[in-house]
Amino acid sequence: MKSLASLSLWRIIILILPLVSLGQTFEYGWPDNYDKPPQCVDIPVDLRLCQGVGYHQMLLPNLLEHESMAEVKQQAGSWVPLLHKNCDPGTQLLLCSLFAPVCMERPIYPCRRLCENVRDGCSPIMAAFGFPWPHILTCDKFPQDDMCINTPNDTSTSEPNGHPPVCPPCDNEMKMDVILDHMCASEFAIKTKIQEVKRENMDRKVTLQKKKRTIKMGTLKKKDLKKLTLYLKNGADCPCTQLDNTRNTYLIMGRKVDKQYLLTGIHKWDKSNREFKKTMKKLKSHKCPAYENVFK
Amino acid sequence: MVFLQVMMLLKLKWTSSGVKDTPHTLLFIIITFCVFFMLEIVDANSWWSLAMNPLLIPEVYVIGGQPLCSQLSGLSKGQKKLCQLYQDHMQYIGEGAKTGIRECQHQFRHHRWNCSTVDNSTVLGRVMHIGSRESAFAFAISAAGVLHAVSRACREGALSSCGCSRASRPKDLPRDWLWGGCGDNLNYGYRFSREFVDAREREKTFSKGSAESARQMMNLHNNEAGRRIVSDLADVSCKCHGVSGSCSLKTCWLQLADFRKVGDVLKEKYDSAAAMRMNGRGKLVQMHSKFSPPSGQDLLYLQPSPDYCIRNSSSGSLGTQGRLCNKTSEGMDGCALMCCGRGYDQYKAELVERCHCKFHWCCYVRCKRCSSIVDQYVCK
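Sequence lines, in order, name chains A and B.
Those letters in the first sequence? Residues 1 to 296, by my numbering.
Those letters in the second sequence? Residues 1 to 380, by my numbering.
Please note that the accuracy of each hint is not assured.
Stretch-level coverage of chain A by chain B, calculated; a stretch enters the list once three of its residues show a Cβ under 8 Å from a Cβ in chain B [what the hints assert, rightly or not]:
#: 1; stretch: 70–81
#: 2; stretch: 96–109
#: 3; stretch: 133–147
DSS-like mimics (lysine-lysine), calculated; alpha carbons at most 27 Å apart, straight line [stated by the list, open to error]:
#: 4; chain 1: B; residue 1: Lys-250; chain 2: A; residue 2: Lys-73
#: 5; chain 1: A; residue 1: Lys-227; chain 2: A; residue 2: Lys-259
#: 6; chain 1: A; residue 1: Lys-284; chain 2: A; residue 2: Lys-268
#: 7; chain 1: A; residue 1: Lys-73; chain 2: B; residue 2: Lys-239
#: 8; chain 1: A; residue 1: Lys-141; chain 2: B; residue 2: Lys-239
Treat the hints as calculated values from the structure; they're not laboratory data.
Every residue gets a Cβ at the ideal spot worked out from N, C-alpha and C, and that includes glycine.
Build the full structure now, drawing on both the sequences and the hints.
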């Protein structure tokens with residue numbers, strides 16, 4: 001009885017081996033299709049998402065089916081603000097392995113673990129801006145073997161410091177590039193003062209003063225502008241020094257999600273700050289990537 | 001007819017002359033046969049030879065000008081004129097033919113006839129002279145390949161006379177989705193494929209009800225069937241390009257299906273191809289009227305296929321001797337069917353492949369070498 005069982009077990013093992021080896025033969029080389037193979041191109045200097053990622057050439061089309069460099073730049077642009085948040089050390093590597101994949105004989109995808117680490121570290125911050133973790137970055141579809149990209153020095157998650165993290169829309173560097181990136185990622189921007197800040201469930205409700213100047217109108221309408229109320233998403237308990245000071249004038253950015261207006265960025269309107277002044281001057285001529293142009 | 005003439009001459013010579021005339025008679029016969037075969041070789045040339053030509057790049061035409069078109073021996077008279085008018089298209093016609101042949105070889109990889117290329121001029125060889133199912137498939141897949149390649153070339157901006165698709169917005173597309181982007185120019189590719197591929201057939205005139213006329217109609221129908229299948233499989237493709245990869249902004253366009261799908265559908269058409277014959281009024285009708293009449297996407301054939309078992313220079317069959325077969329399969333790739341009952345030899349072969357590959361930062365892949373002994377079965 002036992003010997004018969006072990007015999008059949010060995011037969012199963014023997015049968016499985018050829019299948020495994022057969023499967024492996026399909027692992028290498030580009031999939032059998034008739035499309036033009038991707039080209040190796042230099043990573044352009046204005047693809048800011050991937051500057052300093054650790055390699056200098058990328059495949060085009062990339063692994064997100066972006067076919068032209070203009071399309072890559074336009075789509076990558078909205079991810080640059082996330083990079084500024086430093087939510088996970090592997091953020092740039094994950095994004096660039098897809099937006100600007102390394103030039104190899106076959107495509108190398110990010111490892112599932114890298115994706116999961118970045119997702120767990122960054123999706124709360126994205127949620128604060130009203131963005132779900134996107135379908136294009138679903139971690140389940142990425143490989144778990146050795147033929148994938150992981151962080152070069154895979155350190156364990158850093159120990160949390162004693163302080164609670166700053167509210168993502170309030171955690172901003174006073175730097176021109178950062179502000180302009182956030183401006184492009186936001187739908188509207190206004191100059192105003194804060195009238196009242198109140199807790200509401202998990203959010204904080206920010207009421208603005210009547211006097212406002214529009215920096216970027218976007219999707220906002222004039223009638224909505226008058227009675228504008230912004231929400232700091234999931235921001236009931238995190239610190240935000242800007243909201244504590246109602247005497248200052250602020251540059252406030254936001255976007256509409258469903259029927260709520262979310263706060264996406266807040267900077268003190270500080271004319272004595274050279275960087276801020278430079279940014280406001282640059283803002284007049286700065287053009288955000290226009291989506292329609294990419295597909296013309 | 002040529003054979004009959006040779007036989008009559010031979011008979012006359014032997015009855016009327018003595019031994020001393022034999023060398024001249026033999027020489028005459030040899031010359032006659034050479035002329036006969038040369039005619040066959042010339043006639044067998046095809047535009048498919050563009051798939052085997054490595055010189056099909058536009059720069060060569062600029063240097064050479066028109067003479068190069070006339071030097072392409074596979075082209076018919078009308079096709080040469082189109083070559084002169086549309087020099088930049090020739091590269092993509094060659095690519096289309098190559099795609100068609102590769103897909104043919106994929107679809108028939110387990111068959112006795114496996115779409116092997118015989119040489120660079122006749123490409124698939126004399127087998128294509130038989131009005132068989134295999135010829136029907138080959139003609140359809142080649143016309144489809146040209147349509148596919150030219151439509152893609154338009155989208156990529158490679159051809160001066162065409163650009164993105166101008167297909168109108170589908171009515172069932174959601175209103176907030178954008179219709180734009182650069183679609184494959186199916187309309188242009190279709191018209192060009194028809195003009196070029198069918199030119200070979202249309203410029204010849206055969207007497208009504210003749211075998212040549214029947215074959216001409218068969219080819220035209222099968223070319224069109226290949227094109228229609230590409231057209232039917234084309235569909236709307238969409239891309240999300242909102243902020244952070246969201247679908248708040250979505251753009252759609254017309255896109256051709258992957259050519260593998262075209263091959264799969266045509267293979268089904270091959271399996272269900274309709275047998276036809278020429279009727280008294282010079283039209284193709286079904287051999288067996290009990291079946292439903294074929295549609296525009298169905299393949300037609302006129303002659304039964306040879307069994308492709310034994311090498312036969314007159315039919316162009318290469319035979320299955322030396323072909324790999326699958327000992328455990330009962331299908332066409334099984335040794336029983338593939339070897340036509342002649343049996344097979346068994347060999348041990350060492351299979352070497354890369355294994356345990358690992359990606360190293362940044363950036364290279366290192367693999368180990370794995371070898372294994374596998375049994376191989378080869379038809380006798």
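Okay, the hints, checked on the actual structure:
no.: 1; hint: 70–81; in the structure: holds (count 5)
no.: 2; hint: 96–109; in the structure: holds (count 5)
no.: 3; hint: 133–147; in the structure: holds (count 6)
no.: 4; hint: B/Lys-250 - A/Lys-73; in the structure: 17 Å, holds
no.: 5; hint: A/Lys-227 - A/Lys-259; in the structure: 14 Å, holds
no.: 6; hint: A/Lys-284 - A/Lys-268; in the structure: 18 Å, holds
no.: 7; hint: A/Lys-73 - B/Lys-239; in the structure: 15 Å, holds
no.: 8; hint: A/Lys-141 - B/Lys-239; in the structure: 19 Å, holds
In this structure, none of the earlier numbered hints is contradicted; all agree with it.
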